[in-house]
Amino acid sequence: MNSRFRKEGLAGLLFASPWAVGFLVFLAYPLVASIYFSFCDYSVLKPPVWIGLDNYAELVHDDLFWTALKNTLLYAILAVPTGLATSLILAMLLNAKVKGMPIYRTIFFVPSLVPQVSLAVLWLWLLNGEHGVLNAVLAKVGIHGPNWLSDPAWSKPAMILMSVWGVGNAVLIYLAGLQDVPQQLVEAADLDGASGWQKTRHVTIPMISPVILFNGIMGLIGTLQVFAEPYVMFPGGTPARSTYFYTMYLFDNAFRYQKMGYASAMGWILFVLVLALTMVSLRLSEKHVHYGS
Amino acid sequence: MDRNAFLIPALGLAVALGVGASERLTADPPPDRKVHVVYWEKWSGFEFDAMKRVVDAFNASQSRIQVDVLSVSGIQDKTLMAIAGGVPPDIAGLSGAMIPQFADANALAPLGEMARENGIREDQYVPSFWDPGVIRGTLYSLPSVPATIALHYNRELFREAGLNPDKPPRTTQELDTMADRLTKRKDGRILVSGFLPTEPGWWNWMWCPFFGGRLWDGKGKITINEPASVRGFAWAQDFARRYGANAISTQRGGFGNFSSPQNGFMAKGIAMEVQGVWMYNFIHQYAPKLEWSAVPFPHPADRPDLADPTVSDEDVLTIPRGAKHAREAFEFIRYVQSQKGMEMLCLGQKKQSPLRKVSPEFWRTHPNPYIRLFDRLGYSKNAFATPKLGIWQEYSDEINAAFDSIMLMQKTPQQAMDDVAARMQPKLDTYLRRLRQRGGA
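Chains as they are written, first to last, in our numbering: chain W, 1 to 293; chain H, 1001 to 1441.
Among the clues, some could well be false.
Computed list of chain W residues with no C-beta within reach of chain H, every gap over 12 Å [claimed, not checked]: (1) Asn128; (2) Trp148; (3) Val164; (4) Tyr244.
Quick partial rundown of chain W residues pointing at chain H, CB under 7 Å, derived from the structure [as the list claims (entries may be wrong)]: (5) Pro47; (6) Trp50; (7) Val133; (8) Glu187; (9) Thr238; (10) Ala240.
Estimated spans, in silico, between C-beta atoms of each pair [unchecked claim]: (11) H:Lys1034 with W:Phe26: 51 to 61 Å; (12) H:Ser1044 with W:Lys7: 16 to 26 Å; (13) H:Gly1137 with W:His61: 54 to 64 Å; (14) H:Ala1422 with W:Leu31: 44 to 54 Å; (15) H:Ser1095 with W:Phe26: 52 to 62 Å; (16) W:Val117 with H:Gly1045: 38 to 48 Å.
Hints are computed from structural coordinates only; laboratory data are not their basis.
Since the model is a prediction, treat every value here as computed from it, not as a measurement.
By construction, the Cβ of each residue, glycine as well, lies at the ideal position given by its N, Cα and C atoms.
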């Protein structure tokens, strides 16, 4: 029995080994190594030299680090609630019992399948201050649209507007949550004479609150790591670094300035930040999230 | 009858055929007893084709070495990672501005000895195009294709504005006056810009040396905030003041990609623009009917000593450290450095040669009508290359961001450059200190 167990165990490990080796080589090792590199002067081409906390100390005094962090947090603060609200409203509309609903759902989901770089190029034209579609539409209703891409005051709102494009995934998760809202509670509310808004406010939203929390946390992590779209649309964080996000500075340090140690330190600070914000979100939501049985 | 009796052998045969075919398709070519030199080059399109012709000519000229050239995007990152991984190409075609960073990182093989053995000497080259390859006395790269820049202007727009297209600006003051006359506005919007210091925006740092300033002192001090260095940026900001930062941004936003018919200069949205020797190729392709000329960029009226300013830019050939066939790689580099190889390459890309000796045939067949101007600018005492600083990428990013804030009227030029100096000086100090500690300086 013991021998058979061992044999099966070995076979199991053997079958799992492609994943295990991949995980150890491509994820676990780089993860652990980056902690070490964050305490080193490391240009990739020369052996790392231990410099203790120098990278972290330099980051504290690095104005651009704070600019990038501020830009990213501001973007997250505005983009996460906007995305949450938009996707929730869309999900509720797409949950209605209307003929041809699968087609509508598909239409709203399709944009989230567009590759990020293609999306960025597409939005460069939509948001173009001179010939863009958005400003052309605004002009029809008598509004003189701003320079979305080249005015520092409008570049972040442009990014937020763009982020709404990709709410399809969140809508899908909300839809699954909405399907799970117990019908007997809705019917009970109906019998009590509750209005549509009252049912939404007191039945639907509490019942899908874990889904809202999940989407909120995933949205937060996503926005704090935003990279591809601004990197393509606003090279160098133009105009005047108003769109220079945390991951862009991290990438520049790692691959353009060859400061892999500095970039590793930035990576770990971002990890701690995301972890802390997630913990805070979970803690703050304790009283507002209802996990139904 | 059991169907499996046929199905299983048939499936087995199909799999065997598939495996056999794939092995045949992916197998290495039969050994040709040649040394295969792997060459990564950043170019694509017609520029790559020009180099491919040189590679083919080299391969045909002898039977010992085969150069396999590959067009590689993002060549800087990929070459660095390949060197770090111990599998670099034998030749990497980099941009000249990257050489100090690569040399400081110990990523390139020194070429001095092989150059001497092969009779390649500094006096054979236009000075602007030899010097960028020499870092602290060691030769790390040799030029492939050089370039200089000049003021391109639209003759038709000059005539429409009542200006004589045969009398382009010679001083920056004349350029200001002409730019004002060439600029057309309607309802607060700019239809045509006479000149924009932000176009194309590839060498924002040049306004410092073009007006007599310097980016650093060559030893360890950032000098971009000295009065002489700030002067050029103040001149640039005057355009934003005169035409409106927002109006300029709006018009620029309407320009298409550089390599397209909607390019600001080719679409007649801008009358005068600083561009390089390559501009001819794009005008020829996208706006063949454009009436244009090129002249040296004007100098400040009070500084005739700054006449004929230009940015000297070049692509280079390097041998990454750890390359398996360094000697054979240099054989090819030597071929490119010969007058025949170089003229084949530079004529193919329609640029000037970095060599002093140029054949009459090269001048005669070169399609760019201003090729002699670009060549002459390479000899100018005011030909400025990017500084030999390992942290140049970071420094130039800072200058670009500061220039943005100047042109958006967010900061005065002095404030913006003080901020750049305050930020870059400690970085340069740290960089040089660490370089000394590692024995690199």
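List, from low to high, the hint numbers that the structure doesn't satisfy.
-> 1, 2, 4, 5, 6, 7, 8, 11, 12, 13, 14, 15 and 16
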